[in-house]
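Asks: If you want the building blocks of each chain, they are given just below.
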Amino acid sequence: MARYGMALDYKNCINCKACEVACKEENGVEMGAEKHRIWVGANDVKGEWPLLDIASAAFLPSQCQHCEEAPCQEVCPTNATYYDENGVVRVNTDQCILCSYCMVACPYDARFVDDRTMTVDKCNFCSDTRLARGETTTACQNTCPTKVRTFGDLDDPESEISELLRTREHFSLKAHLGTKPKLYYLT
Amino acid sequence: MAETVEKTEETGIIAKAKEFVVTIPYNKIGMKELLDFEKTPRNKLVAVITLALLALFVVGLALFFMHGHHAYNVTKEHPWGLLLAVYIFFVVSSTGLCIIGSLGDVFGFKDYMLISKRAIFGSIVTILAGFAVIAVEIGHPITMLIYNVLTPGLTSAIWWMGTLYGIYLTFMIIEFVFLLKGDMRKAKIFGLTGLLVGLAAHSNLGSVFGFLNARPIANGVFYPTYFILTAFITGIFIAYIIMGFRYNLDFPEKVKTMLTGLAKIQALLLSILIFFIIWKMFTDIYGGMPNRSEVAIHILGSWTFWAEVILAMLIPLYLILKDMGKSPVVLFWASLSGMVGIFFMRYNLVHDSQLKPLQMMKTTEYQLTPEWVHYFPSGTEMMISLGGLGLCIAMYYAGTKFFNLDEDEHH
Numbered sequence: 001m002a003r004y005g006m007a008l009d010y011k012n013c014i015n016c017k018a019c020e021v022a023c024k025e026e027n028g029v030e031m032g033a034e035k036h037r038i039w040v041g042a043n044d045v046k047g048e049w050p051l052l053d054i055a056s057a058a059f060l061p062s063q064c065q066h067c068e069e070a071p072c073q074e075v076c077p078t079n080a081t082y083y084d085e086n087g088v089v090r091v092n093t094d095q096c097i098l099c100s101y102c103m104v105a106c107p108y109d110a111r112f113v114d115d116r117t118m119t120v121d122k123c124n125f126c127s128d129t130r131l132a133r134g135e136t137t138t139a140c141q142n143t144c145p146t147k148v149r150t151f152g153d154l155d156d157p158e159s160e161i162s163e164l165l166r167t168r169e170h171f172s173l174k175a176h177l178g179t180k181p182k183l184y185y186l187t
Numbered sequence: 001m002a003e004t005v006e007k008t009e010e011t012g013i014i015a016k017a018k019e020f021v022v023t024i025p026y027n028k029i030g031m032k033e034l035l036d037f038e039k040t041p042r043n044k045l046v047a048v049i050t051l052a053l054l055a056l057f058v059v060g061l062a063l064f065f066m067h068g069h070h071a072y073n074v075t076k077e078h079p080w081g082l083l084l085a086v087y088i089f090f091v092v093s094s095t096g097l098c099i100i101g102s103l104g105d106v107f108g109f110k111d112y113m114l115i116s117k118r119a120i121f122g123s124i125v126t127i128l129a130g131f132a133v134i135a136v137e138i139g140h141p142i143t144m145l146i147y148n149v150l151t152p153g154l155t156s157a158i159w160w161m162g163t164l165y166g167i168y169l170t171f172m173i174i175e176f177v178f179l180l181k182g183d184m185r186k187a188k189i190f191g192l193t194g195l196l197v198g199l200a201a202h203s204n205l206g207s208v209f210g211f212l213n214a215r216p217i218a219n220g221v222f223y224p225t226y227f228i229l230t231a232f233i234t235g236i237f238i239a240y241i242i243m244g245f246r247y248n249l250d251f252p253e254k255v256k257t258m259l260t261g262l263a264k265i266q267a268l269l270l271s272i273l274i275f276f277i278i279w280k281m282f283t284d285i286y287g288g289m290p291n292r293s294e295v296a297i298h299i300l301g302s303w304t305f306w307a308e309v310i311l312a313m314l315i316p317l318y319l320i321l322k323d324m325g326k327s328p329v330v331l332f333w334a335s336l337s338g339m340v341g342i343f344f345m346r347y348n349l350v351h352d353s354q355l356k357p358l359q360m361m362k363t364t365e366y367q368l369t370p371e372w373v374h375y376f377p378s379g380t381e382m383m384i385s386l387g388g389l390g391l392c393i394a395m396y397y398a399g400t401k402f403f404n405l406d407e408d409e410h411h
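Sequence lines, in order, name chains A and B. Just so you know, the first sequence maps onto residues 1 to 187 in our numbering. Just so you know, the second sequence maps onto residues 1 to 411 in our numbering.
Hints are computed from structural coordinates only; laboratory data are not their basis.
Residues of chain B placed beyond 12 angstroms of chain A at every Cβ, according to the derived structure:
hint: 1; residue: GLU33
hint: 2; residue: LYS110
hint: 3; residue: ALA398
Among chain A residues calculated to face chain B with C-beta under 8 angstroms, some are:
hint: 4; residue: PRO71
hint: 5; residue: GLU74
hint: 6; residue: CYS76
hint: 7; residue: ASN79
Backbone N, C-alpha and C define an ideal beta-carbon position, used for all residues, glycine too.
Whole structure, please, built from the sequences with the hints as guidance.
Replies: So, in structure tokens, the structure goes:
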């Protein structure tokens with residue numbers, strides 16, 4: 001029993017997209033740009049030469065926020081979306097009816113349809129793959145060349161993520177919606 | 001001994017149920033009589049249109065079974081499309097007709113008794129057409145039936161909406177049977193229960209959108225209440241249409257009195273609706289709240305919004321107010337305009353809720369920064385939607401043949 005979360009030192013992101021590739025490879029995610037469990041968001045550089053606003057060209061790696069009050073779970077009519085024992089928000093494909101309500105309700109646009117099973121798919125912190133094999137890191141974290149991601153147990157005071165959250169300022173995306181995301185962006 | 005008594009009791013219940021079913025009055029007609037209708041140009045046109053719509057339904061279904069959801073233009077950013085809008089269109093129609101049907105047999109307004117049976121039957125066929133459309137919109141309808149019961153999501157508005165609509169349909173059918181049998185007391189009991197369940201189901205449908213915290217344009221109390229209001233309005237539009245066809249636009253005095261009464265109610269309801277819409281737009285835009293005000297301004301610039309306003313609100317209201325609803329023939333045509341507007345109302349509700357992308361950064365190289373989510377229904381979606389209308393007309397036509405939908409003489 002753990003309470004898994006992830007801290008992202010997002011300013012280190014160089015948009016190499018190795019995390020996206022590793023995620024697809026590890027979890028057998030469908031090919032195609034629309035089919036992604038994780039992604040790196042990019043902003044165009046604002047302003048005109050030579051007064052370019054370099055700070056605006058930020059990269060924001062993201063994925064399912066594994067909210068503690070997940071709207072996608074609340075709206076699911078068959079409880080196909082559920083919290084597992086580690087607080088990871090997951091989808092039981094046998095129960096998913098593809099009503100797509102979770103896709104409309106998720107504030108983070110973190111869900112997509114897997115055309116092979118015709119059910120909704122999303123990040124599950126590699127629960128079916130790496131964690132099931134006893135590993136302690138996710139594929140995206142493991143492959144990141146600039147160590148953007150730190151995955152771990154938020155309830156363990158000794159964990160690296162707990163240490164990071166104690167010592168670094170951080171924010172969550174769309175926190176005003178009360179979803180209590182477990183992805184923390186380090187500033 | 002006890003076993004024998006139990007068995008006899010059981011047989012007794014089955015025999016009673018059997019007797020109840022076989023005594024439901026209906027016209028014993030064959031295929032020939034079913035397809036026989038007065039060959040007026042109007043009837044022929046409606047028949048051709050209905051057959052064409054049914055043919056489209058078959059083609060649409062064939063395309064769906066060949067290509068699955070790929071036959072639809074729904075995307076990750078716009079997962080709900082035309083079929084959901086059409087489902088809402090039908091279930092709103094059903095709730096509306098249930099309200100109209102209840103005016104007479106539940107609430108005892110004598111003038112409206114003459115439409116009760118017809119409206120309740122209409123509420124059944126419209127919801128069945130809605131279910132037919134949603135069955136091919138939902139990815140796994142059979143799984144839905146199983147897990148809706150085994151692992152119910154009690155915090156889900158869709159669960160409540162679907163379950164309550166299922167119960168509502170049952171009550172509507174029972175009410176209709178009692179109406180056919182002329183048992184007005186039981187019809188009233190089941191009618192009232194069905195109406196209450198229907199209203200609960202319908203406001204839950206509104207809350208499917210109202211509960212979307214992520215989408216400020218839809219979030220809030222507006223839709224759950226507005227759905228009831230627009231259901232009543234839709235019910236009156238359909239009442240005009242079905243009575244127009246029933247009497248070939250040559251209304252007897254009693255029907256005219258009822259329709260004038262409905263027109264007056266409609267004028268009030270449309271005025272309230274316009275009032276609601278104006279204030280929703282003002283509150284959406286005022287203060288420039290992100291993700292809400294710019295969406296509302298975008299909606300004001302879309303032609304589908306104005307189609308909704310002009311066809312469903314302004315034209316019918318103007319024509320009613322012109323002579324306080326005394327021209328039922330004019331209002332029959334206004335109601336057709338109204339129903340086209342109501343279709344746009346449902347389409348807009350679904351589309352506008354998904355207009356604003358939730359992910360505002362580029363996720364793919366060479367992609368433009370997302371601004372608005374675009375959607376246009378595919379041919380398959382249109383064919384299935386139009387087919388739903390065909391199903392609805394065909395079922396209603398069959399109902400007029402099998403059952404006496406007019407008010408019984410002894411009432």
